[in-house]
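So in the numbering used here, spot 126 of the sequence shown is number 119, and the numbers just go up one at a time.
Hints are computed from structural coordinates only; laboratory data are not their basis. Every value quoted in this text rests on a predicted model; they were computed, and no experiment measured them. Any given hint could turn out to be false.
As the list claims (entries may be wrong) - Quick list of the computed label-pair ranges, beta carbon to beta carbon: (1) Arg129 - Gly79: 39 to 49 Å; (2) Gly2 - Gly132: 36 to 46 Å; (3) Glu(-2) - Leu124: 31 to 41 Å; (4) Ser102 - Leu49: 17 to 27 Å; (5) Arg0 - Phe60: 16 to 26 Å; (6) Leu7 - Ser74: 17 to 27 Å; (7) Glu(-4) - Arg129: 42 to 52 Å.
Where is the CB? At the ideal position from N, CA and C, for every residue including glycine.
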Amino acid sequence: MSEIEYRRGNALDLDQVLELYRASTLGARRPIDDRPRFAAMLANANLVITAWEGDLLVGIARSSTDFSYFTYLADLAVRQSHQRRGIGKELIRQTQLHGGPQTNLLLLSAPAAEQYYPHIGFKNFPQAWLLRAGERIIGSGEPTPTGSKP
-6 MSEIEYRRGN ALDLDQVLEL YRASTLGARR PIDDRPRFAA MLANANLVIT
44 AWEGDLLVGI ARSSTDFSYF TYLADLAVRQ SHQRRGIGKE LIRQTQLHGG
94 PQTNLLLLSA PAAEQYYPHI GFKNFPQAWL LRAGERIIGS GEPTPTGSKP
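The whole structure should be built from the sequences, with the hints applied where relevant.
Rendered as structure tokens:
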């Protein structure tokens, strides 16, 4: 078993990343067939930690953070052949480290991974809310004209 090297940065080969997502099963829940959209997801993440076994990309943690209060861990993917070796846990640890000592770490779990996160110390917060792409805030959506009553 080779040693795993962890790196920070999102200047990555898109094909390598897409192949990792497919090999980790996270690709089933991400727009991997929409290359421009996926490339933007990767380019605009401001904290990306990767795990490498030689030249093989074996894991990724893709996050958005303000480096002071909150880090949103959008994706955690580990190649199926490399799971259960502590790589996911180390990717999270590195994300927490590079996100900043005072940041909270937030993620939305894939259904299959719901039991993993409590096992490593995450707490469940049922107060989370989600408005999916294309869904709108309920209401008229039109501004109330000046001088009229709502």
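Hint check:
no.	hint	result
1	Arg129 - Gly79: 39 to 49 Å	holds (42 Å)
2	Gly2 - Gly132: 36 to 46 Å	holds (42 Å)
3	Glu(-2) - Leu124: 31 to 41 Å	holds (38 Å)
4	Ser102 - Leu49: 17 to 27 Å	holds (26 Å)
5	Arg0 - Phe60: 16 to 26 Å	holds (18 Å)
6	Leu7 - Ser74: 17 to 27 Å	holds (21 Å)
7	Glu(-4) - Arg129: 42 to 52 Å	holds (49 Å)
Every hint, counting from the list given before, is met by this structure.
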